[in-house]
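Number of protein chains: 4
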Amino acid sequence: MFNIALFGAGRIGQVHSANIDGHKETSLYSVVDPYGDGAAKLAEKYAAKVQTTEEALTDPNVHGVLIASATDTHAELIELAAKAGKTIFCEKPVHLDIERVRDCLATVKANSGKLFVGFNRRYDPQFRKVREQLSAGTIGKAESLLITSRDPSPPPVSYIKVSGGLFRDMTIHDFDMARFIMGEEPVSVYAQGSTLVDDEIGQAGDIDTAFIVMKFPSGALATISNSRRSGYGYDQRIEVHGEKGVLQAKNINEDTVEVWGENGCVSAKPEHFFLQRYEQAYRAEWAHFVDVLAGRAEPECSGHDGEQALLIADKALESLQTGQEVKL
Amino acid sequence: MFNIALFGAGRIGQVHSANIDGHKETSLYSVVDPYGDGAAKLAEKYAAKVQTTEEALTDPNVHGVLIASATDTHAELIELAAKAGKTIFCEKPVHLDIERVRDCLATVKANSGKLFVGFNRRYDPQFRKVREQLSAGTIGKAESLLITSRDPSPPPVSYIKVSGGLFRDMTIHDFDMARFIMGEEPVSVYAQGSTLVDDEIGQAGDIDTAFIVMKFPSGALATISNSRRSGYGYDQRIEVHGEKGVLQAKNINEDTVEVWGENGCVSAKPEHFFLQRYEQAYRAEWAHFVDVLAGRAEPECSGHDGEQALLIADKALESLQTGQEVKL
Amino acid sequence: MFNIALFGAGRIGQVHSANIDGHKETSLYSVVDPYGDGAAKLAEKYAAKVQTTEEALTDPNVHGVLIASATDTHAELIELAAKAGKTIFCEKPVHLDIERVRDCLATVKANSGKLFVGFNRRYDPQFRKVREQLSAGTIGKAESLLITSRDPSPPPVSYIKVSGGLFRDMTIHDFDMARFIMGEEPVSVYAQGSTLVDDEIGQAGDIDTAFIVMKFPSGALATISNSRRSGYGYDQRIEVHGEKGVLQAKNINEDTVEVWGENGCVSAKPEHFFLQRYEQAYRAEWAHFVDVLAGRAEPECSGHDGEQALLIADKALESLQTGQEVKL
Amino acid sequence: MFNIALFGAGRIGQVHSANIDGHKETSLYSVVDPYGDGAAKLAEKYAAKVQTTEEALTDPNVHGVLIASATDTHAELIELAAKAGKTIFCEKPVHLDIERVRDCLATVKANSGKLFVGFNRRYDPQFRKVREQLSAGTIGKAESLLITSRDPSPPPVSYIKVSGGLFRDMTIHDFDMARFIMGEEPVSVYAQGSTLVDDEIGQAGDIDTAFIVMKFPSGALATISNSRRSGYGYDQRIEVHGEKGVLQAKNINEDTVEVWGENGCVSAKPEHFFLQRYEQAYRAEWAHFVDVLAGRAEPECSGHDGEQALLIADKALESLQTGQEVKL
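Chains A, B, C and D, in that order, are what the protein sequence lines are. Numbered by the numbering used here, the letters in the first sequence go through residues 69 to 396 in order. Numbered by the numbering used here, the letters in the second sequence go through residues 69 to 396 in order. Numbered by the numbering used here, the letters in the third sequence go through residues 69 to 396 in order. Numbered by the numbering used here, the letters in the fourth sequence go through residues 69 to 396 in order.
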């Protein structure tokens, strides 16, 4: 049984807590959260301790840490945990500044640390099946990838202001998905965007609607379509076209009931948001991290993946600002 | 927190154990199973006791019992539990003999017992939505109901022999579903059947493929289509036609990935069997039973429902044997 | 070029006129219709003659006749045409009285006549593909067949009164479809029905909603679900279950547009009625009849098929009246 | 009855011939095609004349001309027809050179000519319904448009060489569709492309795979995804996201049959190519042109539309060559 210290008792920390508790090889050992009484509540629910960062990292009973705290604390906690010899699961991103990411990863490397970066969508069974079918040659060589990624509704502007902007906050998942599906690094990126959902987002210097085009060394192309609002639930689809056909991962809808009447057929919309849609993905990524803890696997999704996705986000922003395709 | 004694540590008992443990108001207190080491294993997993029937029923800490043991033990356990004042959740059926069912229910009544019979499909979110939409008048008055219920593959003949036959074992769920959806009792039933899947089933005196037609007092009609084998997973669909349209509950498929190529589109088949398809239903029926335990609700699905479904099954068998429609 | 004399200038006669004119080997030579000015209008549109029955049948330029007149004239016209040596296409049914059908077919046989009976649905590309896939062994041996056949809205009661009743008028298509798909004759039939759509239909001695169950020599079972009203367009589906899977022919919808919003997805309902849904089928059956005219084929759908479908309809009515399964 | 002179007896000319003949207000009067015996064959089929260009344009019986000849003859024929006072239907494009298009349109204007440019896809019932639903406010203001347009397989390289390149030959339809759906002119365009399907296409200086991003004055964005090969039929889809939801026009598949078995569900692929998919669109655009001939309508799709789509194609090519977003 591996004991886990959880940093951050917020919404995503609670999701991970349930998965830590539900896995037969892991136990929620302690919760670290300096703000409010979230740590105490979560600790009580799972019969865990409340610890400070220092306590958790010096506690020899802690085998792994799960960093789900505020974004700006990730890099430092990763470094401390690496120095303390703990196996590390960190929610994306490592940091919003790429130089800080590189320093952090250098520290991890210097301490021979093991770091898994939680790009949860790689563990969605639909997307994983697409990746596997592509690898199996079902549609031949990949030629075009289309990623649709639209949130049901925008976050508060207070969040937008500290988010790093659409590309670093939201599209970063899609950049990682493009890398995951295509299996190669893009060589160029172009981005176009608008503020259509909420004027305040524009006033905060960000956009809420975007299209991105990437090119890969093989000549394959990818496009990402983003919006902070869908009007019909969480829209998370990919399709990859190859020499012999196309692989499509559709949304998962709320139910399978259809009502047919004079005005046609009414059926259910996609599951509301990431907690529903990626429930299985969160469990599956935890199962992978347990394999890492147990020495049965290396992190499939590493600090390098976090760095690369952020780099593309930075270059996409540069493209948005210059109106030019940017080389990578 | 309500303490539950579980009778039966088999496959379905294990499903219920997880739900008992996962509900914030219930705890798996003890496991009763005289055969093998199933009780001990399950008890260890959930930090529960192993008890005998007598111990469980006399233990004042036990608030409710969940009967998931062999079918022929249900009626007696219900009676003992009712006499012991425990709130009772019993897997269907109460018994395969209708007179025994009636005696048992009389005992429950005499002891003012609370008995919930686990027709799990009533708690499937798809079927429940159909029932709710019908009640809401979405398609007007119900006129025709079609229930498709096909297992992926037949059970062993040893099971068939003690099952009570297709109608009492498998179709009983569909008879209950017809009553649940239509909200009225059928007035006639006709059944036709064949042995097409496995000759041994026929040699055991049973059938493996059937169509049933029922008529209701309102004039509405229902048909049930059954097979012990589908070839493509667990096929569980209903459609109810009304004055203004039709409500359809489709299968839930394994994933949402589509592969389009020269030979068309390949997509996933339905989820394999009842443990997958009705996972949500098992959780939801447990939540209802907790409401019963807490005095917040009366059993929505009672001993009477168990009796009525069995009665229709008996009459369907009579119809199959006589080639005549049987009045109810 | 084969010259065709058309009997009956009504709605279905007009459909056939267009197909006769559109086929490169046939020409609409004359129209026969004693009522109103329909014949004159249709003849003008296609530069054809108006003829009397006698003129058409004695005209050596007429190679084939298409009988689309009132039902009660079919048998006599078939006999006259057979005696005149014309190749005959007759809309279903030959007659509503089975003895009259048998006499008529005997006359055709005595004159070595060629008679095609227009069970148009056999030529629907969806249903034909199901038949072909079944023959190709895609799902193994057929075990269960479900036919859904629901009209968008009921005909006037004046029509109901001369229609021969639901089974001979509407279900007869489904009886033929069952024979076509299964490739064997049923050995028993059971029918249950109600008047739910229109009280006047009941007062006219007919029903408007029905379920039928048939059994075949192989043990395979079939059910038919009928209603004179759907509320959502013309509902024409079949599914046939076999050893290895199921073949389903779905409805054809009006368009492929989906609107996703807060309340789910709205998509189009099935094409309105038989003129839309079976447009391709009418063309394809005509193409087959041209093969018969040209001596390249024998009628795939013969007088015998018309007789058998009517016989099942008669026995279904007997079952409805007696509450018993009827042997065939 | 309007008499039509058809220029060009090739594949698309034959499609139009059937529609001219099938419309109750138009008649195929003559066919003009200097190459081979196509004109004679088509004229014979529809009892039309064979004429030279001069004969057709000076014949007072000719009311309208349909230009479906080789691309490089379009502009001159339009000018001659405008001068001759004929109402003009011209297949896209007017010309591959934008200056030549402008000269031609000036000539049309100087002669008060009526010119309809055949962007057939605007008349596809699916796409038209999307446009209508958008106008009706079903999803609020448009924010993002995605056009998927992929041919089943590439044309011969000999065609590629005279086609004007992917953007002017194929994407031009999608540029027009974007203008049609959005109802505004784009202000910028970015294009990225590759040669993935056929090396010879690259050697001919063209690409076969492309993504295009456009921005509109409202801030709305559009992307187009193109390939000369799909592997699964003609892929023609659009989706437009708005404030309140999304409108999707899906492909039309070959049939509605599904085969479910151990390996999932197999269903039919999209209709093969434009002759099938846009059959209804060709008929509907002809009906519109008849309204123009009859003075009941002005051309919905004019020379200006042809010019604008070509202009965007030219700018997309500039973007592809420079790696920069190009302003319009």
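Simulated from the structure, these hints should not be mistaken for laboratory data. A couple of the hints might just be wrong.
[Unchecked claim] Okay, the calculated beta carbon distance ranges per label pair:
#: 1; chain 1: C; residue 1: His340; chain 2: D; residue 2: Arg170; range: 43 to 51 Å
#: 2; chain 1: C; residue 1: His372; chain 2: D; residue 2: Lys318; range: 39 to 47 Å
#: 3; chain 1: B; residue 1: Phe341; chain 2: A; residue 2: Thr141; range: 25 to 33 Å
#: 4; chain 1: A; residue 1: Gln344; chain 2: C; residue 2: Asp89; range: 56 to 64 Å
#: 5; chain 1: A; residue 1: Lys318; chain 2: C; residue 2: Gly273; range: 47 to 55 Å
#: 6; chain 1: C; residue 1: Ser221; chain 2: D; residue 2: Glu252; range: 52 to 60 Å
C-beta atoms are modelled at their ideal positions from N, C-alpha and C, and glycine is treated no differently.
How the hints compare with the structure:
1. C:His340 <-> D:Arg170: 43 to 51 Å: With a Cβ separation near 47 Å, His340 (chain C) and Arg170 (chain D) satisfy 43 to 51 Å, so the hint holds.
2. C:His372 <-> D:Lys318: 39 to 47 Å: 43 Å, holds
3. B:Phe341 <-> A:Thr141: 25 to 33 Å: Roughly 45 Å apart at Cβ, these two residues miss the hinted range, so it is violated.
4. A:Gln344 <-> C:Asp89: 56 to 64 Å: Holds, since Gln344 (chain A) and Asp89 (chain C) (Cβ atoms, about 57 Å apart) stay within the stated range.
5. A:Lys318 <-> C:Gly273: 47 to 55 Å: 50 Å, holds
6. C:Ser221 <-> D:Glu252: 52 to 60 Å: 43 Å, violated
Checked against the numbered hints above, the structure violates hints 3 and 6; every other hint is satisfied.
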